[in-house]
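Student: Residue numbers (the UniProt record's numbering), protein chains in the order written: chain A, 1 to 505; chain B, 1 to 505.
No lab work stands behind these hints: they were computed from the structure. A hint or two may mislead.
Identical copies look the same in the list; a pair holds intra-copy or inter-copy alike.
Claimed, not checked - In the DSS-like style, the derived pairs of lysine-lysine whose C-alpha atoms are separated by at most 27 Å in a straight line are:
| no. | residue 1 | residue 2 |
| --- | --- | --- |
| 1 | Lys179 | Lys423 |
| 2 | Lys228 | Lys349 |
| 3 | Lys41 | Lys470 |
| 4 | Lys349 | Lys289 |
| 5 | Lys441 | Lys484 |
| 6 | Lys152 | Lys179 |
| 7 | Lys228 | Lys59 |
| 8 | Lys385 | Lys152 |
| 9 | Lys345 | Lys6 |
| 10 | Lys436 | Lys61 |
| 11 | Lys349 | Lys470 |
2 protein chains.
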Amino acid sequence: MHVTIKRETDTPAYMQIFEQIRRQILSGELLSGFRLPPERKLAESLGVNRTTVVNAYRKLKAEGLIGSQVGRGTVVLSYPQEDLNSGTGNMQEPVWNQVFSQYSNGFDSCIVKDLLTLASRKDVISFATGIASPETGPIQALAGIEHEIVEKKNYRALLHTPTEGFSSLREAVCGLMQKRGVSCQWDETMLLSGSQQGIDLAARIMIDPGDVVVVEEPSFFPAVQAFKTMGARIMGIPIDDRGMRVDVLEQLLHRYRPKLIYTIPTFHNPSGTEMELERRRQLVELAYKYRVLIIEDDAYGDLCYEGRALPALKSLDHDGYVVYLSTFSKTVYSGLRLGWMVAHKEVVKKFAAAKQVMDLHSSSLSQWIVERFIASGGLDAHIPKVCREYRIKRDTMYDALSKYAPADLIWNRPRGGYYIWCKLPPGISAAKLISKAAERKVVFVPGSPFFSSGQGDDFLRLNFTFAPRKDVDEGVQRLCEAMKELLDNSDHQEIGPDLEINPIV
Amino acid sequence: MHVTIKRETDTPAYMQIFEQIRRQILSGELLSGFRLPPERKLAESLGVNRTTVVNAYRKLKAEGLIGSQVGRGTVVLSYPQEDLNSGTGNMQEPVWNQVFSQYSNGFDSCIVKDLLTLASRKDVISFATGIASPETGPIQALAGIEHEIVEKKNYRALLHTPTEGFSSLREAVCGLMQKRGVSCQWDETMLLSGSQQGIDLAARIMIDPGDVVVVEEPSFFPAVQAFKTMGARIMGIPIDDRGMRVDVLEQLLHRYRPKLIYTIPTFHNPSGTEMELERRRQLVELAYKYRVLIIEDDAYGDLCYEGRALPALKSLDHDGYVVYLSTFSKTVYSGLRLGWMVAHKEVVKKFAAAKQVMDLHSSSLSQWIVERFIASGGLDAHIPKVCREYRIKRDTMYDALSKYAPADLIWNRPRGGYYIWCKLPPGISAAKLISKAAERKVVFVPGSPFFSSGQGDDFLRLNFTFAPRKDVDEGVQRLCEAMKELLDNSDHQEIGPDLEINPIV
């Protein structure tokens with residue numbers, strides 16, 4: 001056995017002793033049965049305190065590497081001779097359920113993935129996806145980029161950025177936030193690889209297993225899934241046509257002291273509702289009172305088709321309780337994978353530290369394109385154009401529903417966002433409607449994934465932004481025919497009283 | 001109290017009862033003291049089994065919402081009247097240390113971040129970063145993209161891709177893998193937002209708190225940090241000039257049954273070493289024998305300056321035990337944030353499910369640029385050019401060290417990759433050298449962050465790819481002057497015997 005102590009390092013002497021002996025045991029230099037020198041003796045020879053050696057031996061014992069034997073002192077132990085598979089000749093795949101972590105079990109296979117696969121077929125009219133219409137994309141955002149990058153050798157667009165993003169783009173984000181009523185500084189912002197990353201970061205940075213997270217019922221299910229995978233206990237608050245039922249929330253805050261409230265106050269996904277101003281004020285007050293942070297998901301705040309959107313929750317928050325998330329996916333291009341957050345500096349700092357380990361930073365090229373598009377005034381000019389187009393599509397879908405809907409179908413007319421939310425007539429379920437609709441080549445997302453309680457099978461989310469204008473009327477007609485067929489075939493035996501509170505109609 | 005049972009949903013009847021009563025209590029419809037109907041009576045009126053109501057009441061009791069009172073039956077409880085801060089008038093910031101999760105504490109502030117800030121100053125010669133030289137970037141990869149996207153309306157580059165990436169790019173990745181000796185199918189690959197994301201995903205998908213992860217000592221510290229933040233116990237295996245000490249590894253595998261082995265077998269970061277072929281074979285055999293997965297980080301495999309790189313571990317694995325990660329950051333542009341993985345389909349499936357929640361997918365534009373660059377033969381033509389340039393830089397740095405180094409400085413001459421690894425003369429520490437070097441406007445990364453044991457302060461990692469050719473000699477001269485100054489000032493009292501195993505010289 002050979003041990004030396006280095007004085008000029010930060011490693012404590014006991015750790016140095018521990019590591020050297022451990023290494024010699026594991027490498028086979030010290031065989032099982034080897035007698036270690038008594039603690040006092042080794043301490044003397046190394047010129048250290050006896051406690052130092054005692055601590056090193058204790059750590060070796062804790063790892064099962066050495067042990068005390070009567071009459072022999074401290075010896076190297078043999079390692080347990082367990083049965084091992086022989087290793088050669090008989091290879092096999094890993095046992096997959098032993099390979100993956102607890103956390104990984106949170107990712108359920110999701111009906112929505114199959115729907116999106118179906119929705120990508122060319123002959124299918126899709127009301128399923130939550131994505132922008134390809135033809136309304138601001139292709140001019142890319143005009144001239146090649147000249148600037150290739151000819152002017154603008155390597156900035158291709159090299160690393162800080163984890164938080166280009167500081168010039170963070171400044172530009174502050175400008176965007178003013179339109180949502182928010183005053184912020186560049187160091188209170190951070191660019192994200194889509195706003196989904198912001199939700200995932202919030203879950204990782206803020207949730208310990210067992211923490212309660214409050215969500216609207218229904219809510220954007222990938223957010224709920226992100227919180228669940230970190231071990232959160234999800235509690236749903238119903239919404240009505242004025243947004244989250246803040247009166248119900250207070251009782252829950254008092255009883256359960258949640259860690260986070262996740263909300264989409266503006267043009268809610270899936271229901272299209274807006275939280276009214278008074279409830280927004282109450283919500284922020286409650287956050288202060290119960291000292292609970294709010295994640296405000298504002299993906300749709302810029303997409304208001306009548307008048308102006310209500311101010312963001314973040315604009316009402318002066319003490320750092322709201323973490324604001326938004327994205328360029330709905331107004332520029334989703335494939336750029338670029339979103340942003342605005343929060344208290346302490347939160348930005350923590351999020352950046354975690355993001356650095358996750359993906360270092362978001363695509364520099366995406367950041368550069370978006371920054372240039374904002375600076376040129378392109379984004380400001382583009383948003384009203386998109387709103388005009390989506391307003392027409394919303395009206396087309398709304399009118400088509402009025403024309404074709406069976407009796408007892410209920411739907412809303414959201415002032416902005418991407419979705420019309422429908423409640424099916426009693427007696428038909430969204431699950432059954434999916435296959436009938438698929439036969440007619442039209443797809444939608446059923447309500448149930450949006451409910452944490454497993455309810456919602458009597459709801460549909462219809463996206464009106466993706467399908468070409470000319471297909472919207474046709475798609476709604478096909479969908480309504482599918483409903484009518486189901487209603488005609490229904491023997492009415494299944495229909496019972498339905499007196500539950502409706503989250504939204 | 002009003003409760004109804006819906007038959008046509010998946011929600012069990014007891015959950016329906018529980019949720020309806022809970023909602024009514026929280027919304028204040030049922031006040032504290034309200035007497036719930038006896039279980040039998042409610043069961044009869046709803047037409048359900050008594051056990052159903054018993055289970056609903058039990059769940060309400062567990063949440064502290066109702067309780068049994070002698071002589072009164074089951075009643076709604078008042079909620080605990082705790083002290084609350086008054087809420088208005090006296091706003092305060094959140095108590096930040098209560099806001100963040102256990103997990104978030106894993107992100108230590110890191111000396112390296114400050115170094116990189118220093119390194120980004122124009123008047124400083126940087127050997128610190130692990131990034132490509134801006135002027136060797138393949139700017140031609142972008143030539144013509146605007147024409148193809150804007151004029152040909154190629155929206156594909158701007159819209160969503162599947163989480164795993166464009167299937168055509170996944171096919172192209174299979175072609176790249178053949179050069180590393182690996183045969184794979186497109187569905188065994190996935191695009192990543194940089195290879196760092198692959199490491200983070202591996203940590204999340206495979207590590208439960210307390211799991212042992214084996215890493216080389218030294219190793220790439222952001223990887224170690226990703227494993228630590230998921231609660232892994234890190235065990236370091238020393239390396240020598242033939243790579244990881246596989247003999248030491250087997251003892252450790254037997255004793256501790258690790259969950260993962262993380263290795264950079266080819267042009268190791270930070271030490272530049274290559275794992276010899278025999279050890280690669282042994283390592284894969286050990287993975288089979290002990291049924292432990294290997295994460296092979298092959299960021300530098302394409303950057304070989306003499307002869308050919310050894311085959312990837314993945315090429316020796318026929319049973320799905322190796323998860324291979326690589327990146328386009330070192331050969332194309334780091335700002336594109338694009339890497340890839342190759343693994344057994346089961347692993348790809350799990351990684352994709354987790355990636356979907358993290359960032360949906362990697363930048364479509366980055367994917368499209370890289371796919372086009374590969375398909376045009378651009379990448380194949382570019383890699384030899386980069387290798388020629390970096391070989392010259394490596395030789396320049398090596399020669400400069402030979403010219404200027406103080407006695408007893410030891411360094412290596414790696415056959416590929418990005419780094420020369422130096423061991424300082426006894427008596428000077430890398431921590432002290434940082435400030436002396438900074439005075440002379442040259443920066444490097446000290447060895448200690450790469451060691452999980454806190455050792456390594458006698459090592460330096462010198463990157464030779466980033467600094468312009470003309471600065472490499474000058475930078476090494478300045479660095480060696482700083483060493484000499486420290487050696488002259490050293491009173492030699494600190495110098496003790498140094499007989500520890502050197503991980504690598």
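Student: For Lys349 and Lys470, with the copy left unspecified, which applies at a CA distance of at most 27 Å: within, between, both, or neither?
Tutor: Neither way: Lys349 and Lys470 sit 47 Å apart in one copy and 37 Å across, limit 27 Å.
Student: Since the copies are identical, ignore which copy is meant and state whether Lys228 and Lys349 lie within 27 Å (CA to CA) inside a copy, between copies, both or neither.
Tutor: both (24 Å within a copy, 19 Å between copies)
Student: 27 Å Cα cut-off: does Lys349 pair with Lys289 within a copy, between copies, both or neither?
Tutor: Within one copy only: 24 Å inside a chain, 43 Å across chains, cut-off 27 Å.
Student: Are the CA atoms of Lys345 and Lys6 at most 27 Å apart within a copy, between copies, both, or neither?
Tutor: Classified as neither; 41 Å inside a copy, 48 Å across copies.
Student: My question is about Lys179 and Lys423: at a cut-off of 27 Å on alpha-carbon distance, are they close within one copy, between copies, both, or neither?
Tutor: neither (34 Å within a copy, 56 Å between copies)
Student: Between copies, within a copy, both or neither: which fits Lys385 and Lys152 at Cα up to 27 Å?
Tutor: Answer is between; shortest inter-copy Cα gap is 22 Å, intra-copy 31 Å.
Student: Given identical chains, is Lys441 near Lys484, meaning Cα to Cα at most 27 Å, within a copy, between copies, both, or neither?
Tutor: Within one copy only: 16 Å inside, 77 Å across.
Student: Have a look at Lys228 and Lys59 and pick one of within, between, both or neither, based on CA distance no larger than 27 Å.
Tutor: Answer is between: at 20 Å across copies they meet the 27 Å cutoff, but 37 Å inside does not.
Student: Treating 27 Å as the Cα threshold, decide for Lys41 and Lys470: within, between, both or neither.
Tutor: Neither, since 90 Å and 57 Å both go past 27 Å.
Student: Given identical chains, is Lys152 near Lys179, meaning Cα to Cα at most 27 Å, within a copy, between copies, both, or neither?
Tutor: neither (33 Å within a copy, 34 Å between copies)
Student: At 27 Å max between alpha carbons, let me know whether Lys436 reaches Lys61 within a copy, between copies, both or neither.
Tutor: Result: close neither inside a copy nor across copies, 67 Å intra and 43 Å inter.
Hint check: violations occur at hints 1, 3, 6, 9, 10 and 11; the rest are consistent with the structure.
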